[in-house]
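Make a model of the complete structure from these sequences and hints.
Line order of the protein sequences matches chains Y and L. Going by my numbering, 49 is the number at position 49 of the first sequence; the sequence numbering is gapless. Going by my numbering, 1021 is the number at position 21 of the second sequence; the sequence numbering is gapless.
Treat the hints as calculated values from the structure; they're not laboratory data. Note that the coordinates shown come from a computational prediction; the quantities given were computed from them, not determined experimentally. One or more of the hints may lead you astray.
Computed footprint of chain L on chain Y; a stretch qualifies when at least three of its residues, placed anywhere within it, have a C-beta under 8 Å from a C-beta of chain L [to be verified]: (1) 147-158; (2) 184-197; (3) 222-228.
Part of the chain Y face toward chain L, derived, beta carbon under 7 Å [what the hints assert, rightly or not]: (4) 11; (5) 15; (6) 19.
Even for Gly, the Cβ is constructed at its ideal location relative to N, Cα and C.
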Amino acid sequence: MNLDALGACLATSACVVTQTTSGLIVGMLLFLVAAGVTLIFGVLKIVNFAHGTFYMLGGYVAYTALGATDSYTLAVLSGAFAMALFGVLFERLLISRVYGSNVLMQLLVCYAAVLIFDDVVKIVWGPEFHAMGMPPAFQVPPLFIAGGVVPPFYAVLIGIAALIAIVLGLGLSMTRLGKTVRAAAINPQMVSALGVNTTALFAIVFAIGGGLAGLAGALAAPVRSLSPGMGFSILIESFIVTVIGGMGSIAGALVAALVIGLVRGFGTIGFPQFTDGMIYIVMIVILLLRPQGLFGRRA
Amino acid sequence: MSGLVTRRTVLAGGAAGLLAAPWVARAQANTLRIGMQSILSGPIALLGTSSRNSLLIEQDRINAAGGFLGRPIEFVFRDSKGQPQEAARITRELVNSTGCELLIDAEASSGSFAVQEVVRDLGTIACIHTNSETSSLTADPKIRAPTAFRVARQGVHDAVAGSIYLADYASAKKLNKWATCSPDYAYGRDTTAQYLQFFKQFKPDVEVITDAWPKLGQPDFTEVITKLIQAKPQALFTLLYAGDLSAFVNQGNVYALFSQMMVATPNVDYPVLAAIKNLPPGIQSATRYLETFPDTPANKEWGQAYLKRWNERPTNWSWQNSVAMHFYEEAIRKTNSLDAKALAAALAGMKINSPFGADGTITMRDDHTTVGYAIGWGQTTPKEPFIIDVKPADWGKIIELETEWKKQQKYI
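Set out below in structure tokens:
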């Protein structure tokens, strides 16, 4: 524990700006993955343990698309849309068969999918890591704001993720589809009784969730190594985000992801040996005070 | 075509198969199986795959020369994913269930210590660790196992060689404030401590103002990088490797880390250099494997043969696994046996000719670890040969300081 260093950091604008940016980028990428986890749980009451696979495949698809098109924009869009389509297939072919089953069966199906697609990645892209490399447009020096370092690439990523959060929030609250999704999260039987095609609705939810995870994987690909099994590490943190934010709450996922990101950003200075531990302590404290999570509804 | 397949042909085929089966079984029984376990998936998979590639080349070479004791050899590869408990389980499975008669342990240190204990417990099989660089694996007599050896560079050797080079460099450039960033497990912790011990011995005014210990395979190093930038060191020493090093460099580039501090690492391998799309020039780096160091025809020929076979360049782990098979080959030739104790007796003190030796030879010392392999330090350049201005290490000094270190640790 190094509280002196943390105090010194908080007292200087340069450190605050740098560590906040660091926390925001970690948090926003985490939000994109966790938003899908929480959306799927909110509507389908399925804990999608295979969600990290969408993140991984999104990165790999983007890597291949970049090689084919030489365009990072097309690569990111490919990763996101491919995973939206994959989400639909995943829901229709696998998850739809375990609706209403016990959690253990759902867990087994998801875990099997994780292992299968990790091996598929090994066969298609090889077992070794790949690096996409930074798009030429972002091979520029970082910005210095109030003495702090802000990489332009990360600023753009944070902007994209924030835009997605706004669109997702507005879409869920203001569009007919969004209202139907929210209604299905509260009372799926009533939604079905009113004539809504819940089969299509559930597939759409998986498409959105998968697309967001694929987008996160594709956006992060220029700076993170691509390797089979890479989805697992982000999956654990997305579950923490989902639990802290409240199962099923998009706003909760956003706030929780930012909390985790900032704990990482500043924890590495104040608690360098205990940053991961701090995340779990934050989770425990929040759940003790609000067992349903920050934005969750009481059962 | 299917119409031609009659009941009679099926029966005839079946009978032929039954007759042939004992021959097939006998041929398989005659094959000498060698178990190889490593990390073959995930961000560190390069460790395992480049080891496996090298062993497959050795398998072909040895079989073309008649095999071991007249028996063709065949590797059985297993992926531990770097999990110690899985590494231990695999070792037992390779020996007890798969019938392997020799072992190549190509695990990282996270798995090798577990393998070591299984080999000690079994007591009847020879094992060569080919990738663990943590010195205590063989230096500590309590950990050393009677039938287990190491053919790999060793943390304390690298630490002495690197510290001498870096102390000279730091003195010339007046770099006193340092940071460290190494993976949070035995290899990262122990080897960083060794580097710092020797570094401070050669340059007493050096000060480590911050350190970072990311987890092995950590996807995001952002908070680590920003922490390092905040501390404003003049130089950074890192033991990250493979996919972790690639991700660290790519993420560090985003923060212009390499223009804010000098970076030194002993862990740069060809495939990592190739995978880093924007390799910063001027990273002070050891030569883990370099075709141009030692600059001999034999070394270049081996590197080119590997490149031709696998369409990528070898790693440090590749040459280590190749040399392990050379040691097995020589020990089996001398003893005419696969008996673990006989092989152990032959291996201890053995010296072989090798293209990877500093003077054309590598020696397996009595303490079950290799010495005399090529170690050099230079600086990176974005284009081939990737590391230039290489200065060879002084093995006399390495042995002298290693002995001092062993005494301090009460190993001797």
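Mind listing which of the numbered hints don't hold for this structure, in increasing order?
-> 2, 4
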